[in-house]
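Chains as they are written, first to last, in our numbering: chain A, 1 to 331; chain B, 1 to 287; chain C, 1 to 405.
Read the hints as simulated data drawn from the structure, not as lab findings. There could be a bad hint or two in this list.
Unchecked claim - Stretch by stretch, here's where chain C covers chain A in the computed footprint (C-beta under 8 angstroms, at least three residues):
#1 43 to 54
#2 136 to 143
#3 232 to 241
Unchecked claim - Cut-off 35 angstroms, straight-line C-alpha distance, at most; resulting in silico cross-link-like pairs (DSBU-like, lysine-lysine):
#4 K159(B) / K109(A)
#5 K242(A) / K27(C)
#6 K112(C) / K242(A)
#7 K405(C) / K320(C)
For glycine and all other residues, C-beta sits at the position ideal for the given N, C-alpha and C.
Letter by letter, the chains look like this.
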Amino acid sequence: MNKILKDPLLWIFLIFSAYPFMPYIGSFISLGSELLLWFVFALGFNLCLGQTGLPSFGHGAFFGMGSYAAAISFLRLFNHDAFVMPILAGIVLGAAAAALLGWLIREKKGVYFAMLTVAFTQVCFGIAFRWDEVTGGEAGLSGVLRGAFFGLPMNNPIVFYYFCFLVFIVCAVIIRKISRSCFGLSLQSVRQNPLRSQYLGYNIGLYKFSVYTISGGFAGLAGALYCLLTQSAYADVLDWSKSGDVVMATLLGGGTVSFYGPILGSLIFVICKNLISSMWVHWALLYGLSFVIILSFFPTGLMGIVKKKRNLEPRLRGNAPAQEQTRREEP
Amino acid sequence: MLELSLFLNGIVLGLIYAAVALGFSLVLGVSGVINFSHGITFTFGAYFFLTMFKTVGYIPAMILSPLCVALVGFIVERLIIRRVYGQDPLFGLLITLGFTIAMEELIRMIYGPATQNINAPSFANGVVIFGDLLYSQYRLFIAAVATLMIAFAWIFTEKTRFGAVVKAGMFDNEMVSALGHNLYRLRVVIMVVGSFMAGLSGILSAPIWGVKPGMGAAILMPSFVVVLIGGLGSIPGTLIGGLLVGVTLSMGTLVAPRFVDIMPYLLMGVVVYFRPRGLMGQHNIVE
Amino acid sequence: MKRIFWICLVVLGLFASGSALAAEKLKIGLTLPMSGLYAEQGKLEHMAMQMALKDLDGKIGGRPAEFIIVDTEANPDIAGRRTRALMEKEGVKFLLGDVSTSSAIAISTVVKENGGLYINTNANGDDLTSTRAVRNMFRIPPNMSVMARAVANYAFDNIPGKKWIFLTHDYSWGHSGARWARDVLKKRGATEIGELKVPIGTRDFSAQLLQIRNSGADAVIVTVGGSDRVALMKQVAEYRIPEKMVYVDTLTNYVDVWGLKPEERSGFWAAEMSHDESPQMLEFAKRFKAAFPDAPSPVVEENSYNGYVGIMALNEAMEKAGTTEDVGKIILAMEGLEVKRNLRDKPTYIDPRTHQFMNSMCVVIPDPEAKLPDIWKVVKKVEAAEYEMTEEENPIDLRKEPLPK
Numbered sequence: 001m002n003k004i005l006k007d008p009l010l011w012i013f014l015i016f017s018a019y020p021f022m023p024y025i026g027s028f029i030s031l032g033s034e035l036l037l038w039f040v041f042a043l044g045f046n047l048c049l050g051q052t053g054l055p056s057f058g059h060g061a062f063f064g065m066g067s068y069a070a071a072i073s074f075l076r077l078f079n080h081d082a083f084v085m086p087i088l089a090g091i092v093l094g095a096a097a098a099a100l101l102g103w104l105i106r107e108k109k110g111v112y113f114a115m116l117t118v119a120f121t122q123v124c125f126g127i128a129f130r131w132d133e134v135t136g137g138e139a140g141l142s143g144v145l146r147g148a149f150f151g152l153p154m155n156n157p158i159v160f161y162y163f164c165f166l167v168f169i170v171c172a173v174i175i176r177k178i179s180r181s182c183f184g185l186s187l188q189s190v191r192q193n194p195l196r197s198q199y200l201g202y203n204i205g206l207y208k209f210s211v212y213t214i215s216g217g218f219a220g221l222a223g224a225l226y227c228l229l230t231q232s233a234y235a236d237v238l239d240w241s242k243s244g245d246v247v248m249a250t251l252l253g254g255g256t257v258s259f260y261g262p263i264l265g266s267l268i269f270v271i272c273k274n275l276i277s278s279m280w281v282h283w284a285l286l287y288g289l290s291f292v293i294i295l296s297f298f299p300t301g302l303m304g305i306v307k308k309k310r311n312l313e314p315r316l317r318g319n320a321p322a323q324e325q326t327r328r329e330e331p
Numbered sequence: 001m002l003e004l005s006l007f008l009n010g011i012v013l014g015l016i017y018a019a020v021a022l023g024f025s026l027v028l029g030v031s032g033v034i035n036f037s038h039g040i041t042f043t044f045g046a047y048f049f050l051t052m053f054k055t056v057g058y059i060p061a062m063i064l065s066p067l068c069v070a071l072v073g074f075i076v077e078r079l080i081i082r083r084v085y086g087q088d089p090l091f092g093l094l095i096t097l098g099f100t101i102a103m104e105e106l107i108r109m110i111y112g113p114a115t116q117n118i119n120a121p122s123f124a125n126g127v128v129i130f131g132d133l134l135y136s137q138y139r140l141f142i143a144a145v146a147t148l149m150i151a152f153a154w155i156f157t158e159k160t161r162f163g164a165v166v167k168a169g170m171f172d173n174e175m176v177s178a179l180g181h182n183l184y185r186l187r188v189v190i191m192v193v194g195s196f197m198a199g200l201s202g203i204l205s206a207p208i209w210g211v212k213p214g215m216g217a218a219i220l221m222p223s224f225v226v227v228l229i230g231g232l233g234s235i236p237g238t239l240i241g242g243l244l245v246g247v248t249l250s251m252g253t254l255v256a257p258r259f260v261d262i263m264p265y266l267l268m269g270v271v272v273y274f275r276p277r278g279l280m281g282q283h284n285i286v287e
Numbered sequence: 001m002k003r004i005f006w007i008c009l010v011v012l013g014l015f016a017s018g019s020a021l022a023a024e025k026l027k028i029g030l031t032l033p034m035s036g037l038y039a040e041q042g043k044l045e046h047m048a049m050q051m052a053l054k055d056l057d058g059k060i061g062g063r064p065a066e067f068i069i070v071d072t073e074a075n076p077d078i079a080g081r082r083t084r085a086l087m088e089k090e091g092v093k094f095l096l097g098d099v100s101t102s103s104a105i106a107i108s109t110v111v112k113e114n115g116g117l118y119i120n121t122n123a124n125g126d127d128l129t130s131t132r133a134v135r136n137m138f139r140i141p142p143n144m145s146v147m148a149r150a151v152a153n154y155a156f157d158n159i160p161g162k163k164w165i166f167l168t169h170d171y172s173w174g175h176s177g178a179r180w181a182r183d184v185l186k187k188r189g190a191t192e193i194g195e196l197k198v199p200i201g202t203r204d205f206s207a208q209l210l211q212i213r214n215s216g217a218d219a220v221i222v223t224v225g226g227s228d229r230v231a232l233m234k235q236v237a238e239y240r241i242p243e244k245m246v247y248v249d250t251l252t253n254y255v256d257v258w259g260l261k262p263e264e265r266s267g268f269w270a271a272e273m274s275h276d277e278s279p280q281m282l283e284f285a286k287r288f289k290a291a292f293p294d295a296p297s298p299v300v301e302e303n304s305y306n307g308y309v310g311i312m313a314l315n316e317a318m319e320k321a322g323t324t325e326d327v328g329k330i331i332l333a334m335e336g337l338e339v340k341r342n343l344r345d346k347p348t349y350i351d352p353r354t355h356q357f358m359n360s361m362c363v364v365i366p367d368p369e370a371k372l373p374d375i376w377k378v379v380k381k382v383e384a385a386e387y388e389m390t391e392e393e394n395p396i397d398l399r400k401e402p403l404p405k
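So that you can see chain A by itself, here it is in the shape it has in the complex (with noise of 0.2 angstroms):
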């Protein structure tokens, strides 16, 4: 029981589910759902960047990709008072994306990892973009309603965001129990020191294939319920920026060092963009200069400093500023 109730993820969960009731924002209730779903989508970006050490800048593509594939198999495939088969669909497609791409640069580090997914979002952003017959081009597909599940009117912003909690709390639970699995601990091994991990019998290639996949499947999962709040899907997430937003806000918590830097860094992400902004519109000024600053100092972002005054720091040592340890074998 005292170990419950010392699980942070539990305090998490208490305080969002009273977040419609909260004074101010309480209305606001779509953001609470945003916050959500962006919690999953970083804490399932976090699987490849801070487990695994794999910079992706594709994930923006998963997210646009699930958010698509909710839209496309509402509007054309099912009928109208489907809601949870796009959402199945979004997962899918979302993983599917990730495992062709993750299968194809498995054995890429660095630099080189980084770009090819960031030659993969743009060519999906560019295709998205386009692609009018089937994802609507620059004006997107809008339309998409919000059915009834289990007979509960989902269309009621306040019930979808409590499907949303619920989503959540689900995809929490799971990524970090995979985290803390054995599966989790081979890939923190993959990423402190992949060299080692290889003498030891791990196949890096295939570890890095099958988180990148899981996760990929949480992006499209959020992407899916994005498209599901805004009843449409636009092509703009899948922009390379919109990838770097989710890496920035990863590492701005503290991701390296903490299963909840995630949900640190996109609350701040968030809360700003749909927040602040709306007081001060040049809010990303303000943003962007915090990012510099609290990187530049502490690298291992804003957990990084809570942890490093608990002096854990041992246990738990972030990648991000660490040298690749091979630096001098092939690309």
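Following the hints, put chains B and C in place on chain A, whose structure we already have.
Then chains B and C, alone, in the frame of chain A:
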């Protein structure tokens, strides 16, 4: 005739990309930092020019504003990039990306978000006509300046002693400093030169693309693509990469006009997949 | 570990502390493209709306009103997101504005979901009153079926050659313009040589213009908007396109073209209105100039005009409905309304079936010896009803849709 015009267009475009990418490539090669703030120096160049050229005239502004940009590059190196030397290149990428986002917003705050137009200078305004072939004078002017810039950079690295140190620095940083060369000074000089070139390219391309806060972000990815196609730190490689990307973009309008934007990325994907170091790349410190 | 949650709590609490102010003013949301492709247009709309509010003594529907402005950046994703925030956070029910058709579609989706009323002021894509029409949205400017068909018919009558090539902005509005010009081309028997689509934000048209120049067409039908058009028209002159063919613009914007050099203006253009149509407009232009000396346009042009009419229409509908709260009643009042304070000689009728405002438009040709602000001559004036989509082309009837509660 159309093909020839488009090809020419592609070459000019490619020269601009190459000129922007060169600074990027040199900084990456020597310092091992993926400097995303390179895009913003491009933007700064155009905006400084916009502020200056009415008071000091076209040519003086064209020299002065890249100098200011070079100063910006110097400050950025001192304040930010120095902190990420020797760290994971992607960490440098993200820090400079954060800086870029902030600076873009600063420009938006000062100059407003709208696109501003700069006219081509009067001495290069109009078209050249050879029979049926028609070509914009201003583009020829750009081609000439960009070629000069690239040639200068090439001579600098190939023919001078300092250039030899730069090239050695790309291969092995530690050895270069062990041999008594000041690595920090080398990195600063490269950063300043790179910013100067990006600023000048920003000015050159302003009459074609307009001046807007997002112009740096728009050129950043193509120039990164150019660097990766050509190979990190290689000047001939960057030139080839730039020309390839430019010609692909221009000639691509004949084949699949709607999907032209994605062609450079496909090209890069194929090149990097099969030749990870790019066409002319060699072993370098980023690896 | 708990410290993090305190951080979370503090962040959330910060916003809680700046909590709701007592609001008795009527909040009107202005969704305007203050940056991006249509920044100039957005600015003009905003200024004219402020003028309108001043003319109404700060009251809409008899109730003091205030504007809350959001920048939609001519980007549908951003438009949708910010509109949602506006409606949920501020409780705004009435929205006006926007130039981009795609953004307007995104806004109307959100408005419908939240049961508000949206008057689009400057998007011309035909989807807004046909396939993507919703009962919560009205649209002021004539749609592209009117604009493009009017100018295409004029071009067909006045250009000897019958081979046309299309240059189209690659988004819903551009497609819409090309679609209706093509409709004329097919009905009257001209030949289409091809279509070149350019993405939003294209500044360098050289590749396209080289192709157009070499295509052997007699007319180039252009649907390119905003600041991209300015760049295009300069390059059209630079590449000497008018030597080879006629430049036909399916919808021109005064604000884009008045700053160009006379030799950069050529061809036949469709315009929503001409600034000298009525004495009221000239009078309005004078006041406008006095109030906003740095406005991007020296005369009253379509963006400012439509913004002004939008506020007036909302005011008259609220007066007719006798409420400033009940969205359903106000929508009913707007259907079939005749807007009187519209700066023209006769009132503007709102078609209850499509929610389209019905005005006249004109075909203009630039005047080479023009003196600002009279840069063009009106060669043909057309009532919108003449070329509006017929019931066959657009069978929608919004009166059958349910009203928001």
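Cross-check of the supplied hints:
Using a Cβ-Cβ cut-off of 8 angstroms, 0 residues of the stretch 43 to 54 of chain A lie near chain C, which falls short of the minimum of three, so the contact claim is violated. As drawn, the stretch 136 to 143 of chain A meets chain C at 6 residues by the rule of a beta-carbon pair under 8 angstroms; at three or more, the given contact holds. Check on the stretch 232 to 241 of chain A: 4 of its residues sit with their Cβ under 8 angstroms from a Cβ of chain C, so the three-residue criterion for coverage holds. For the hint linking K159(B) to K109(A), the alpha-carbon distance of about 34 angstroms falls within 35 angstroms, and the restraint holds.
At roughly 32 angstroms between alpha-carbon atoms, K242(A) and K27(C) fall within 35 angstroms of each other, so this suggested pair holds. The straight-line distance between the Cα atoms of K112(C) and K242(A) is roughly 27 angstroms, inside the 35 angstroms bound, and the hint therefore holds. Between the alpha carbons of K405(C) and K320(C) the distance comes to roughly 19 angstroms, so the proposed pair stays at or under 35 angstroms and holds.
The structure shown violates just one earlier hint, number 1.
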